[in-house]
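Chain order of the listed sequences is S and W.
Counted the way the working numbering counts, the first sequence spans residues 1 to 394.
Counted the way the working numbering counts, the second sequence spans residues 1 to 370.
No lab work stands behind these hints, which were simulated from the structure alone.
Values in this document were obtained by computation on a predicted structure and should not be read as measured data.
Careful, some of the hints might be misleading.
[Stated by the list, open to error] Here are the simulated EDC-like cross-link-like pairs (lysine to aspartate or glutamate), alpha carbons at most 20 Å apart as the crow flies:
1) W:K104 / W:D87
2) W:K2 / W:D80
3) W:K2 / W:D87
4) W:K104 / W:D80
5) W:K104 / W:D79
6) W:K2 / S:D317
7) W:K2 / S:D324
8) W:K2 / S:E386
9) W:K174 / W:E22
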Amino acid sequence: MHDAPDQTVYLDHAATTPMLPAAVEAMAAHLGDVGNPSSLHASGRAARRVVEESRERIAQALNCRPGEVVFTSGGTEADNLALKGLFWSRRDADPAQVRILSSSVEHHAVLDALHWLAEEEHAEVELLPVDSGGRLDLEALRASVERDPGSVALISVMWANNEVGTIQPIEDIVAVASAHGIPMHTDAVQAVGAVPVDFAASGVDALTLTGHKLGGPYGVGALVLRRELTLTPLLHGGGQERDIRSGTLDMPAIAGFATAVEHAVKAQPEYAERVTALRDSLVRRVIGAVPDAHLHGAPEDRLPGNAHLGFPDCEGDSLLMLLDARGIECSTGSACSAGVPQPSHVLLAMGLDDEGARHSLRFTLGRTSTDADVDKLVEAIGPAVERARGARIS
Amino acid sequence: MKVVAAMSGGVDSAVAAARAAEAGHDVTGIHLALSRNPASYRSGARGCCTIEDANDARRAADVIGIPFYVWDLSERFHDDVVEDFLDEYAAGRTPNPCLRCNEKIKFAAVLDRALALGFDAVATGHYARVRIAADETTELHRAVDPGKDQSYVLGVLTQEQLAHSMFPLGDTPKPQVREEAAARGLLVADKPDSHDICFVADGDNAGWLREKLGDRAPNHGGAIVDASSGEELGRHEGTFGFTIGQRKGLRLGTPAPDGRPRYVLDIEPVSGTVTVGSREALTVDRIAADRARWCGAALPPCASLEGTVQLRAHGAEHRARIEVDGDEVSIELIDPAQGIAPGQAAVIYDGTRVVGSATITSTARVGASA
Numbered sequence: 001m002h003d004a005p006d007q008t009v010y011l012d013h014a015a016t017t018p019m020l021p022a023a024v025e026a027m028a029a030h031l032g033d034v035g036n037p038s039s040l041h042a043s044g045r046a047a048r049r050v051v052e053e054s055r056e057r058i059a060q061a062l063n064c065r066p067g068e069v070v071f072t073s074g075g076t077e078a079d080n081l082a083l084k085g086l087f088w089s090r091r092d093a094d095p096a097q098v099r100i101l102s103s104s105v106e107h108h109a110v111l112d113a114l115h116w117l118a119e120e121e122h123a124e125v126e127l128l129p130v131d132s133g134g135r136l137d138l139e140a141l142r143a144s145v146e147r148d149p150g151s152v153a154l155i156s157v158m159w160a161n162n163e164v165g166t167i168q169p170i171e172d173i174v175a176v177a178s179a180h181g182i183p184m185h186t187d188a189v190q191a192v193g194a195v196p197v198d199f200a201a202s203g204v205d206a207l208t209l210t211g212h213k214l215g216g217p218y219g220v221g222a223l224v225l226r227r228e229l230t231l232t233p234l235l236h237g238g239g240q241e242r243d244i245r246s247g248t249l250d251m252p253a254i255a256g257f258a259t260a261v262e263h264a265v266k267a268q269p270e271y272a273e274r275v276t277a278l279r280d281s282l283v284r285r286v287i288g289a290v291p292d293a294h295l296h297g298a299p300e301d302r303l304p305g306n307a308h309l310g311f312p313d314c315e316g317d318s319l320l321m322l323l324d325a326r327g328i329e330c331s332t333g334s335a336c337s338a339g340v341p342q343p344s345h346v347l348l349a350m351g352l353d354d355e356g357a358r359h360s361l362r363f364t365l366g367r368t369s370t371d372a373d374v375d376k377l378v379e380a381i382g383p384a385v386e387r388a389r390g391a392r393i394s
Numbered sequence: 001m002k003v004v005a006a007m008s009g010g011v012d013s014a015v016a017a018a019r020a021a022e023a024g025h026d027v028t029g030i031h032l033a034l035s036r037n038p039a040s041y042r043s044g045a046r047g048c049c050t051i052e053d054a055n056d057a058r059r060a061a062d063v064i065g066i067p068f069y070v071w072d073l074s075e076r077f078h079d080d081v082v083e084d085f086l087d088e089y090a091a092g093r094t095p096n097p098c099l100r101c102n103e104k105i106k107f108a109a110v111l112d113r114a115l116a117l118g119f120d121a122v123a124t125g126h127y128a129r130v131r132i133a134a135d136e137t138t139e140l141h142r143a144v145d146p147g148k149d150q151s152y153v154l155g156v157l158t159q160e161q162l163a164h165s166m167f168p169l170g171d172t173p174k175p176q177v178r179e180e181a182a183a184r185g186l187l188v189a190d191k192p193d194s195h196d197i198c199f200v201a202d203g204d205n206a207g208w209l210r211e212k213l214g215d216r217a218p219n220h221g222g223a224i225v226d227a228s229s230g231e232e233l234g235r236h237e238g239t240f241g242f243t244i245g246q247r248k249g250l251r252l253g254t255p256a257p258d259g260r261p262r263y264v265l266d267i268e269p270v271s272g273t274v275t276v277g278s279r280e281a282l283t284v285d286r287i288a289a290d291r292a293r294w295c296g297a298a299l300p301p302c303a304s305l306e307g308t309v310q311l312r313a314h315g316a317e318h319r320a321r322i323e324v325d326g327d328e329v330s331i332e333l334i335d336p337a338q339g340i341a342p343g344q345a346a347v348i349y350d351g352t353r354v355v356g357s358a359t360i361t362s363t364a365r366v367g368a369s370a
């Protein structure tokens with residue numbers, strides 16, 4: 001059968017990253033507990049207490065008020081809730097507010113929700129351009145807002161890009177938005193724990209985060225939503241989460257999530273320093289082994305763990321398969337649930353052509369990454385690229 | 001050996017992959033994405049190319065315990081198979097896209113890529129056998145299950161391609177393959193067989209052709225003409241709706257004088273004329289063909305063979321004398337055949353062994369009437 005490698009070199013932390021042992025412990029401690037956080041009896045109160053303490057710990061880590069943390073099933077739900085909920089509530093308040101401004105490099109959880117709003121709710125969505133490093137064109141944003149500020153329902157720009165790791169100029173975007181009283185949402189799924197994220201200081205109105213990208217469990221996340229903002233709910237039911245998000249709360253997952261957020265935020269400076277150095281070494285050494293390889297995305301203002309590399313004349317999916325056979329796990333960065341892998345919209349927006357976009361791989365490092373991981377990649381990459389180059393389908 | 005198993009999501013390719021793995025090969029499952037837009041190809045459980053099929057293939061690979069990837073061959077498939085299919089119809093011929101796919105995609109693009117990536121062979125769920133002869137050549141033979149034998153659609157493979165091909169199901173009857181799939185816990189065990197052309201979503205070939213051919217000749221109406229009298233019997237909306245030997249769907253108002261059914265005898269793509277006549281007039285015993293491909297060692301530029309030919313998928317065998325002149329082949333049928341359309345492949349056999357194939361260009365009747 002397949003010669004399974006002894007040890008996996010996991011270089012796909014942006015897809016998901018291992019759970020922190022303390023988070024596993026916190027979650028496991030409650031898996032056997034009975035008690036619905038909404039129940040009034042002692043067991044319910046005990047569960048409720050865990051949820052509320054978790055909420056407070058997350059609020060403290062992100063510098064928001066506990067009441068601003070709305071638990072969701074993860075990043076996709078939080079993004080959908082923010083975009084649809086804010087759009088509906090703003091349009092209800094003023095029918096002229098129908099424009100949504102966003103970037104062309106958003107995650108599909110944002111892009112597809114916007115697409116739906118445009119198709120079904122007649123939202124006027126503008127996906128603003130980015131530069132060759134993947135950074136939002138601020139002038140384009142400003143011009144678009146100033147063309148007719150009263151018609152903008154909301155602005156949504158991700159904090160940091162999941163594919164190429166580029167960090168967006170959130171402060172400048174907030175300045176544009178707040179000058180006209182426009183709510184600003186940001187998908188910070190990749191940012192929390194990787195770069196400093198301070199909700200109150202940032203001035204954003206809504207922020208998405210998720211558990212499994214920062215050492216917490218799958219299936220839990222949050223939308224941090226400025227208290228003053230009203231939002232139309234997606235899910236109706238028991239009225240949990242201030243009526244914004246009905247559904248019985250997953251108390252054990254929330255406990256694990258809070259532990260992970262707390263740890264990730266506290267460890268962020270040390271993490272960023274160590275992982276940035278490791279990432280820089282990975283990029284330098286891979287380019288040493290494959291001289292025409294090159295880094296995509298912003299050289300500075302970049303997530304510590306992200307190394308998105310182009311390998312000319314080399315199909316990313318061939319390379320991924322060859323590395324996988326050696327136990328080295330990475331990503332082509334393209335969404336390919338079933339059929340045909342499409343070239344990444346992020347790379348296309350950055351000005352790459354179809355071929356350049358296909359000839360790329362994303363390596364993402366995380367908390368558990370080591371020098372030995374980089375050593376193994378560097379050892380394997382040269383022969384793999386050479387072989388993949390011979391296997392191009394003309 | 002390191003083997004790529006092409007996995008369509010159906011039962012045959014799943015069992016073929018499982019058998020290759022069990023035989024000790026280092027197997028990697030590959031699903032070929034052939035459509036740019038998966039929803040536009042056949043849906044449900046009947047064909048290939050759907051998201052559901054990719055998921056079925058992935059689950060089968062999980063159960064077998066092999067790695068699995070999707071390879072995008074949609075561009076090549078479109079250019080080499082779908083466009084070719086349309087061109088052939090536009091020229092009034094009746095192509096077999098499965099042969100073309102085997103020739104250009106599965107045992108060419110996929111095999112080339114696999115070899116370049118360090119694999120040794122491609123395994124598929126085709127019902128056929130490969131054998132190594134005493135002189136070391138790789139021979140292609142019919143499967144033991146005559147009802148499922150697919151050597152016809154593999155008749156385009158060359159020695160080089162065959163030497164890197166594995167057909168693990170060639171020695172097994174289909175019902176046994178289904179039983180084995182169930183015993184192995186492969187959930188596709190009771191998935192229906194695919195039959196029709198995979199890229200025609202609803203099986204309506206004429207409707208699909210009408211839409212896709214666009215203004216390409218001969219997508220225009222023409223006359224339906226009686227072969228013996230030359231009389232125009234009716235009109236039609238495009239020659240793509242007809243194939244030689246077709247009886248149904250002619251919608252002719254006037255019955256034949258003798259009251260017997262009429263069949264399509266000839267299609268003239270430029271004028272759009274479709275000629276119809278009696279069943280007897282369909283009988284042919286001479287076939288000219290080109291694009292000869294030889295499965296075994298290369299034949300001398302001129303050669304004579306005696307053997308059998310098969311003229312359509314799952315068709316009968318006809319005894320024949322075959323003259324080879326370079327790329328061209330003339331076939332004299334000892335057992336005449338009916339309803340043979342240009343564009344179809346003539347696959348030549350010596351016993352169970354596939355000698356080669358050629359694409360039919362024209363047919364004729366020389367021998368006495370039956």
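Quick rundown of the hints versus the structure:
1. Our distance criterion of 20 Å between C-alpha atoms is met by W:K104 and W:D87, whose separation comes to about 16 Å.
2. Taken as a hint, the W:K2 and W:D80 pair is broken in the structure, with Cα atoms around 27 Å apart against an allowance of 20 Å.
3. With a C-alpha separation of about 37 Å, the suggested pair W:K2 and W:D87 falls outside the 20 Å cut-off, and the hint is violated.
4. Of the supplied pair hints, the one linking W:K104 and W:D80 holds, its CA atoms being roughly 7 Å apart against a limit of 20 Å.
5. In summary, the hint linking W:K104 to W:D79 is supported, as the alpha carbons are separated by about 10 Å, within the 20 Å threshold.
6. Taking the CA atoms of W:K2 and S:D317, the gap is near 18 Å; set against the 20 Å cutoff, the hint holds.
7. For the proposed pair W:K2 and S:D324, the alpha carbon gap of about 15 Å is at most 20 Å, so the pair holds.
8. For the hint pairing W:K2 with S:E386, the CA-to-CA distance comes to about 19 Å; that is within 20 Å, so the pair holds.
9. Proposed proximity of W:K174 and W:E22 is supported: the alpha carbons are some 19 Å apart, at most 20 Å.
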